[in-house]
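Build out the structure end to end from the sequences listed, making use of the hints.
Number of protein chains: 2
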Amino acid sequence: MVLGMIKEHGLLIVISGPSGSGKTSITKILRETEANLNFSISATTRPPRPDELDGVDYYFFSEVEFQHKIEAGEFAEWAVYGSHHYGTLKKTLNDTLQSGKDILLEIEVQGAIQLRKLYPDGIFIFIIPPSQASLEARLRNRRTESEDDIRRRLLIAKSEISYINNYDYIVFNYDNQIEKAVENVRCIIAAVRCRVNRYILRQIQKEFNL
Amino acid sequence: MVLGMIKEHGLLIVISGPSGSGKTSITKILRETEANLNFSISATTRPPRPDELDGVDYYFFSEVEFQHKIEAGEFAEWAVYGSHHYGTLKKTLNDTLQSGKDILLEIEVQGAIQLRKLYPDGIFIFIIPPSQASLEARLRNRRTESEDDIRRRLLIAKSEISYINNYDYIVFNYDNQIEKAVENVRCIIAAVRCRVNRYILRQIQKEFNL
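Sequence order for the protein chains is A and B. Our numbering applies: residue -15 is where the first sequence begins, and numbers increase by one. Our numbering applies: residue -15 is where the second sequence begins, and numbers increase by one.
None of the hints are false.
One copy or two, either will do: identical chains are not told apart, so a pair holds if it fits within one copy or between any two.
In silico SDA-like pairs for lysine to any residue, Cα to Cα no more than 20 Å straight-line:
#	residue 1	residue 2
1	K164	T17
2	K101	V180
3	K101	T80
4	K190	L138
5	K75	G106
6	K164	E18
7	K164	A174
8	K142	Q98
9	K142	Y65
10	K75	F45
11	K12	N160
12	K190	A121
13	K(-9)	S115
14	K142	I184
15	K(-9)	N20
16	K(-9)	G106
Honestly, the hints are just simulated from the structure, not real lab data.
Structure (C-alpha cells):
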C-alpha cells in the first residue's frame, strides 16, 4: 500500500515575492484548482469586511488578543501593514502538518524569512516579475497612487528581491502568462512530493520483501 | 533578459528503475512530447537492426572499438547485457551539458549508480511499480519466459530496488496510469529548472539594480 510509504508529516509550502510579483493571483488560482492542498488562514486585527467569515477568510482578533498571542509566542510570523497586525498562528500550520496534509501559505517576504527559521524544511518559492520594467509597470497599473508612493513601493519591492537567496525555488511570472507560473508552482509541489526523503524507504523495502 | 540569468551548464536527468518499472515506456512518451529536452544516445556492440541508424538510435561499435574506449576511460558508464556491451560516452553527456542543454538518460540501475559518482549534481529519478504483485505481473506478462527466468528477473528487480536511496526522486508507476508517472517526471524536470541554484543571482540583482 503506497499510502503507508509516505511520511506522516505534511509539507509546508510558502509562496512569497515582492509586491507586484503576482503571488496573490497565483495562489488564488491554486486555491480554486488544487483539491489536495490546504491553504493557511491568517490572523488579523483588521475588522472583517461584510462578506468575510471568521475562521474562513481570516481569524479576526482584537488588538489586545493579538498582542497576547504575540507575547505567548503563538505566532509563526507576524507583521504590521498599515495600521493593522497580520500573522500566522503556529497552531494553524502545525495542526495541518501533523495530520499529514500539505499546507500552502502566501506571505510577504519578511514573514517568509521568519518562517524559514521555524520551518527549515519548508519549500520556499519566490515569485518574481521578469524585469525591473515589468515590476514598475505592474506597480503603476495597480493603484491610483502618487508618484512618491509608487517610488516607495518600488524601493520596498527591490529590497525584497534582495532576499531571493533565502528561497528554494524561483518562479518567473511573465506578463500575461500567469498560467505558466501557476504550472511551475504546481510542478514544484508535485516534485517535492516525489522526493526520496518524503518516503519511508523501510516500508518500500518491506513491500518488496527486501 | 531572463535567459542570461540561468546557469550555462545544462542538467543531467537520469531515469532509472528495475526491469518492469516502465521506465522505457515513460521515456518514450517524454521523447515524443518534450521538445526542449535532449535524449542521450547509447553506445553498443550489438549489431544495428535494419531500421536503426548509427548516431541516431545508437553509436554502433565493434567489440575492439568498445574495449579501446573502456580502457581510454571514455565511458561515463558501461555494462554487459546478454552478449553485448552497452554504455554512455562521457562526450555524449558533456557536449550537451556544456552547450547549456538538459539531457535525459534512461538507464539500468547499475549504470545509474556509476553515473551518480561522476555527476553528483545530476537529477536521479527512480521509477517503481506500486507493489511486488504488480512487478511480478508485469514481468510475467512481458515475455514468454520459463518460470525460472521470471524468478531470476524478479530477484534482479528486487536487488535493484534496494538501491533506491541513491536516487533523488521516486515516481510510482501505477498499473494503467502511466500518464500520471510521466506527468510527475515532467514536473520534476520543471521544478529542478526553477531551483534557486540554477540561477545566477547576481544577474537577477543586476536586472533590478540591486
